[in-house]
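Enquirer: If you read the sequences in order, they're chains X and U. Counting from 1, one number per residue, gives the positions in the first sequence under UniProt numbering. Counting from 1, one number per residue, gives the positions in the second sequence under UniProt numbering.
Everything labelled a hint here was simulated from the structure, so no lab data went into it. No experiment lies behind these values; they were computed from the predicted model shown.
Which copy is meant is left open, so a pair is good if it fits within one copy or across any two.
Calculated cross-link-like contacts (lysine-lysine; reagent style DSBU-like; alpha-carbon spacing at most 35 Å):
1) K256 x K45
2) K45 x K226
3) K226 x K43
4) K87 x K273
5) K111 x K325
6) K45 x K202
7) K245 x K43
8) K285 x K111
9) K140 x K328
Number of protein chains: 2
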Amino acid sequence: MKTIIGLVFLMFICVEINAQEALTAEQSDPAKLGWMQGFPPPKDKIISAIDGSFFRFPALRYSVCHMRQFMPTTEVNAATTNRYEFKVTLDRNIDTLTFLPWNSSEPQTWKESLAKNYTDGILILHKGKIVYERYFGELKPDGVHAAMSVSKTFTGTLGALLVEQGVLDENKTGADYIPELKNSAFGDATIRQILDMTTGLKYSEDYSDPNAEIWAFSAAGNPFPKSSSYDGPTNYYDYLVTVQKEGVHGEVFGYKTINTDVMGWIISRVTGKSISELLSERIWKPLGTHVDGYFQVDGAGIAFVGGGFSANMRDMAMFGEMIRKNGKFNKQQILPPSLVEDIMNGGNQEAFNQSVYSTSLRNWSYRNMWWITHNEHGAFAARGVHGQTIYIDPLAEMVIVRFASYPEAKNSKIDPTSLPAYHAIAKYLISK
Amino acid sequence: MKTIIGLVFLMFICVEINAQEALTAEQSDPAKLGWMQGFPPPKDKIISAIDGSFFRFPALRYSVCHMRQFMPTTEVNAATTNRYEFKVTLDRNIDTLTFLPWNSSEPQTWKESLAKNYTDGILILHKGKIVYERYFGELKPDGVHAAMSVSKTFTGTLGALLVEQGVLDENKTGADYIPELKNSAFGDATIRQILDMTTGLKYSEDYSDPNAEIWAFSAAGNPFPKSSSYDGPTNYYDYLVTVQKEGVHGEVFGYKTINTDVMGWIISRVTGKSISELLSERIWKPLGTHVDGYFQVDGAGIAFVGGGFSANMRDMAMFGEMIRKNGKFNKQQILPPSLVEDIMNGGNQEAFNQSVYSTSLRNWSYRNMWWITHNEHGAFAARGVHGQTIYIDPLAEMVIVRFASYPEAKNSKIDPTSLPAYHAIAKYLISK
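Using the sequences provided together with the hints, build the complete structure.
Expert: Next up, the structure:
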């Protein structure tokens, strides 16, 4: 039962579909499949958060653009004044640019890669101007898309901002700020370890294991009615105090969502504001965004900051460009340059290479909930399952935002046809 | 169980609180009571749609501004271009204007009436300019508020628009447009009878009766998981086909929410669009509204058009002013003047006087889901429980929008200190 409750609204579920056997992007187009269309929709076209059907491919391709049709949410208000308007100078050459996918000797065009990756939306900024912008499937220019774990990057950036401002001391511990965390794994974990996910946690995100802790976390955050036999925690925070330590903090990068949720809790405790409010006030409004974003919430109104954000693509691009411009955007210094410098300097590569990413993303690092490639362009990214990303290439003065609904959750399936494609575009833009 | 399921998300529940014994507006201020405040909120400050606590006074005073924090919703997108900006010329005299509440010999000031009515927001337009605008409790200028049955007026207006355009024939029946309705009470009810709620329906909205049909309707539309023993309809439309006839259509006004929901279904069937989409395209965007509104939805994504709309106060005022100006607003003819004329001419007063409103609202009528006062100013209104209204006084060139969270649902408790107050303001504005 716990598993079912968790499954219901888990945002980054590992869908057990082999993409090789799945419908293609064109075949799985939501408009073609007719999810939730008709008055009323036919019974077999109704998808729901209750039975988890909304998060199974290909229904997922519809749901990612309509998360709040299935779940309670809270606003991240966009700007109401000083809205930013991008300049657009489309580059017709990009579609035919080619790159070599990882582990392949067959060049692929950029345009081909979009369908291969079940892209719902993609936008490329070069020197701050839109040079490429496409919408597929269910995504509309004025709509939103689930950001999945790109959500983490916003919480991490807000946490790092508070460190820069001296509101948080990165050497203090979770328990220093939230006494309730004292007996949990976060009790003696420092803010820095939490921000960089080098905490040692007894916490498995192995979805194939019914006893994995992820299910208990998900059940706690599930906003729908619990079964009468359920006696576990009833919101995210009540779950976080139960997390136990495993190993030593500070040594190994362990990509675990609950670090973000505990970071969100600490931020809210010290500022007295929810992450939704803070993200709106400090970032979304100053950027001049156009479309309200939103977080899914648990039964206590607490946002799922580890994965529950949905936002508009151009608004996401504003955020990426602001970071690329060292915190300055829309005629304001929104974040201090030192914060961006800290992200770009990266995290502990040694700790990263001891993680499960040691092969696929060798020599990368993780800092303030950003992924740092340490490649020759100094590229870094926000990344979420099913293909979500904000990819920033400082040398190429390029920002890419991608929303996608790839049949499988793991980015390891998507990276081979996306990361080399981004790098190829970057090299092309430099050469222009 | 059916009752509990229904109770959960019912939007126009008759809260059994005697306002005389309730906390005052000041005492029940949500910020003071701390609903959903804190990280996490204290257990006794957590309110929820699941147990119905979000809709009980005084928690209701918080929830009305945050409905989507508790329930799945669907957008009514605001304008993204040509946004309308009101001119503001505040009139300082309004607060001290006095009126005589119904059945009272003690004059009350306008300002006093606001607290008496648990006003969350109130806005007065005179000749299109804002002359009065106040926000109380949880409502913020850029926020939204539950419109309750004011929602009906939007569906009714869209239905009447389709009649004006010849898309719907007001003499055809529900079954002519939706064959599935053939064996229901709506099968032989005309579009006109549905729009004016003169249908004869075996349908009770008596909340004190556990067998009242309202509970079955609510259970069907409840987006949360049903109990395993539940075998009733699982969305609004599947319920509507089960409604049985009682009496004769066309003779008596019977204010029953399901007329609106069936009207919404008919509109969607003939246009191929949801009410959310249509309201946005045909009205909300042309008006130049600023804030996305939203409808709560059932498990099939169908909006609760009979009562589930939430919107921004200034945006509501734009709608009211557009109607007052015979359909023209923001430099566009948004609705045909003939439609507004049809509303203002009113409905069948004889049918109205045979309803439960024959005493309290003697000689009023109901047309296209608007309430027509037939007073000497020709005033007419959209009305929702707990004190929601858009009140239009053509002679005074006045539009009032009120959002409120009165402890009791019934407007009969609120009318004595609001309707005479509106009329007093109208007379003052005429005399200015």
